[in-house]
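Using the sequences and the hints given, assemble the complete structure.
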Amino acid sequence: MNKLASVLVIALIATVAADKDATVLRQDAEVNPDGTYQYAYETSNGIVAEEQGTLKNLGEEQAQVAQGQYSYTDPEGNRVSVQYIADENGFQPQGDHLPTPPPIPEAIERALRLLANLSRNKRGSVPVAAEQVGQDLRAVQVAELVLLEREQVQLILAHQNQQPLLQHHLHRHLPLFQRWLE
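Throughout the sequence shown, residue numbering follows mature numbering (1 follows the signal peptide of the UniProt record, and there is no 0), covering -18 to -1, 1 to 164 in sequence.
Since the hints were derived computationally from the structure, they do not count as laboratory data.
Glycine included, C-beta positions come from ideal geometry on N, C-alpha and C.
Be careful, since some hints might not be right.
[What the hints assert, rightly or not] Derived Cβ-Cβ restraints for the label pairs, each shown as a range: (1) ARG8 to GLU42: 22 to 28 Å; (2) GLN20 to GLN74: 15 to 21 Å; (3) GLU58 to LEU7: 35 to 41 Å; (4) GLN9 to GLN76: 23 to 29 Å.
Structural data, given as structure tokens:
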């Protein structure tokens, strides 16, 4: 076990030393009076980068727009590559190593469709829009919750014992309401 630890420490030191002693193998840069530019470089430890940029909307609302890519070898020895665009929408990287968001749950997706149908529906009621989506009870429940304002939910909870209709409605949604208010 100690031999393995010693080998790992030596490998780590060698990697750090290699990065410390890295040299620039290639470097190009061009900056133009019109705001466009480009640069590229490569180092002896495997880092490669390039970028091009322009000014967008010359005048009052101008913004810099850049696109490029870079790559390097991570500490585990894997090659990492990133392509990106940076503009008025922010920095937008793409790469196989970057995390991706989880898929939208089906009930939420159906509820979003239900809400979209509801906004187009003249009568404006969730049950009528639910007919268009396919009578999905969970989607209807989620859509109804989205339509209720936070203050309305608090008001309903405060007066739940006074009206039988509210009691029936809350019986279906109370756990969701309580989680939403937390």
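Hint check:
1. ARG8 to GLU42: 22 to 28 Å: Violated - the Cβ-Cβ distance for ARG8 and GLU42, about 38 Å, lies outside 22 to 28 Å.
2. GLN20 to GLN74: 15 to 21 Å: 19 Å, holds
3. GLU58 to LEU7: 35 to 41 Å: At 23 Å between Cβs, range violated.
4. GLN9 to GLN76: 23 to 29 Å: 25 Å Cβ-Cβ, so the 23 to 29 Å window holds.
In this structure, the earlier hints numbered 1 and 3 are contradicted, and the remaining ones agree with it.
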